[in-house]
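Asks: Using the hints provided, position chain W with the ligands relative to the given structure of chain F.
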Amino acid sequence: MTESSHHPLRDHQPRFQGLDSGHRACQGCGEALAARLVTEAAGPDVIVSNATGCLEVFSTPWPETAWRIPWLHSLFENAASVAAGMEAAMRAQGRDTKVLAFAGDGGTFDIGMRGLSGMLERGHDVLYVCFDNEAYMNTGVQRSSSTPHAAMTTTSPPGRERMGKRHLKKDLLAIVAAHHIPYAATASVAYPSDLRKKVRRAMGVEGPSFLLVHSPCPLGWGHDSALTVQVARLAVQTGLFPLVEMERGSVASVMPIRRPCPVTDYLKLQRRFRHLFADHPRAREELEHLQALADHNIEVYRLAGEEPDPLDTEGADTVRRGGMRYA
Amino acid sequence: MPQALEGSQAIARAVALCRPGVVAAYPITPQTHIVENISKLVADGELHCELVSVESEFSAASVVLGAAAAGSRAYTASASQGILLMSEVLYNIAGLRVPLVLTCANRAVSAPLSIWNDHQDSMAVRDAGWIQLYCADNQEAVDTTIQAYRISERLELPVMVCVDGFTLTHTLEPIELPTQAQVDGYLPPYRFSRALDPMRPLSMGELVSPAYFTEVRHTHHVALRGALPEIEAADADWAEVCGRHSGGLVEVVREGEGGGIGILSIGSVTGTFADAAEQYTELPAARLIRLRCFRPFPDEALRAACAGLSDLVVVERALSPGAGGIVGTEVRAALREMDEPPRVHDVAVGLGGRDVPLELYPRLIEVARGEQETRFSILDLEPDKLPEEVR
Ligand SMILES: Cc1ncc(C[n+]2csc(CCOP(=O)(O)OP(=O)(O)O)c2C)c(N)n1
Ligand code: SF4
Ligand SMILES: [Mg+2]
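Protein chains in written order, with this note's numbering: chain F, 126 to 452; chain W, 3 to 393.
Rather than coming from a laboratory, the hints here were simulated on the basis of the structure. Ideal Cβ positions, reconstructed from N, Cα and C, are used throughout, including at glycine. Incorrect hints may appear among the rest.
Listed next, with one range per pair, are the computed distances between beta-carbon atoms [what the hints assert, rightly or not]:
#1 F/Asp221 <-> W/Ala45: 21 to 27 Å
#2 F/Asp221 <-> W/Ser55: 21 to 27 Å
#3 F/Pro186 <-> W/Ser55: 36 to 42 Å
#4 W/Gln5 <-> F/Gly168: 49 to 55 Å
#5 W/Gln182 <-> F/Lys322: 48 to 54 Å
#6 F/Pro169 <-> W/Arg338: 55 to 61 Å
#7 W/Val218 <-> F/Ile300: 35 to 41 Å
#8 F/Gln142 <-> W/Ser55: 35 to 41 Å
#9 W/Arg338 <-> F/Thr280: 45 to 51 Å
Looking at chain F on its own, in the form it has when it is part of the complex (with noise of 0.2 Å):
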């Protein structure tokens, strides 16, 4: 891949490529995207730690890789520690090459936590990015605590007895802010200028900071592969997932949502809500449920973008500040 696929036109391209064409992604994948434009942000001057997943799997079919800087895959729960260890390295070979950690939603939110937990609390000065594909795509579409309320994975089928998955999206940024790291942030493949910018702030920080970048998966989500980032705007926009910055553990800054989309509009593009659009009362009331998770965190996150009262100075300098979270 590194060599055959080698076009002229490469060499014109202004960024870094850390990530290169050729690699077995499918067609419009959203982790493919994320990690590009992660590792294009980050510069060439990285080592990167990557779990077991799907971005492992499709970017290394030995004995080639798409990878332009270092890279180590170990195994699916210990990105972090890895990183840990290289961070290690760095301090005591007095270098300042930046530690990466990368890994889906199911080596950070399940199988990983325990290692994220212990390197974000020692203070490694190592960036950690989550590419939340909202499920274990790599073994098939199974569910993880990552996996959205409702949705359909092969271990949440819907059937008679069941409307999808049965619990909760895990609040990853909550349990990692927790922590009160440095700079913790969500983003998006749809926003990639954002990402871009909380790239380069994760890592100026000293210390540990952590990406959560929302990744729509076609073949898990069944939609489209042409919709993609049509995708990941639609679940910023509807406040499904909210676009943050926390700085030690309180929220910097938001994404202020406009006009906010029902989030109808989301989930029917994509085959593992179409239970939802049955003909059943349950399915209505999961759909409602659906529209209050992301109307609580248009509430809890301020997402609405309304100035704040000018006569209430409590309001205006939360606001300002980034606010408190009350939920």
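Replies: Same frame as chain F, but now just chain W with the ligands:
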């Protein structure tokens, strides 16, 4: 000048002499004193390294893997449950061919819970692709630790240095610590050929299809077989530096009476049998053989050490439930290739810290002289503690 040092303290000092860049560990009895001593050396400014106090053994192994791959010499230590928790990473480290040294303070594995010594933990990961060296005493633990770094870095294979928990880790012995100059002369600064470096980016840990997997595994096997002479050379060269041998691959600790009985053991019990042999002068002197290197399995050296024996008693410190002995099975297979192989009797003793007393020696001789070959038995079992049906 020998110093009286606790085993763990001596090992910590040996590690420090190897100048690791990164140390990561998680406490577990009986390994704790090693980590505590290293922490103190760091706190006192006697060891300059990044000490990463991780949240689990899984991360300890992962941190040292990341560190070694990123170009720093690294060290970790564990035991028992910790080794098992690490096991997935241990396989991964070996498969990635990353040089590392780990001390295993050998301890039984739960359940039932036991903090005491046997070899179940390191035996459980014998197929992980690591070199495994078992130490007879604390001087050897010191010397083997230093040798382990040289072996590991020359071959790009990880080395597990196994020391008996409590028996060695918590025992005070006179120890000859090498000088820094001796170690520096023997062990060159860390250099890993595939170190992760933005100036020379490479990808490690790729997905390998069936078209290549077999060849990768074969290469690993060949590398471990090739480690046999390197392990011997590391010992011989270290002896040149400090005058002490650590037993190479297989050590004949004591010659027996010609053509007679041999006792093969692993770890620190060998010393007990040597003392017993001195005491029981009325019994035929057995040839005492110690298996220092268990992985790679030194079949040839073992056959040489067993030449001329009529009976060999293998003394195990672990159990493969439902099968029997682990070491004995491998020894038996290796000795079959001899023209006149001895009978191989396989016994386990000292599980979960049961004392291995001098008085065991006559029983081993008895086993050797038995009419039947003992395929496997737990020799120090006390059947009267058990209900009739499981005796
Ligand atoms: C210890 C362990 N358990 C299970 C697996 C199987 N496995 C590999 S990748 C994966 C799911 C990955 O999901 P995620 O982290 O979300 O990444 P994605 O493929 O969705 O990008 C699973 C379950 C494994 N490799 N290791
Ligand atoms: S399954 Fe999904 S995440 Fe995996 S490569 Fe395909 S689109 Fe990307
Ligand atoms: Mg996923």
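Asks: Of the hints stated earlier, which fail here?
Replies: Violated hints: none; all satisfied.
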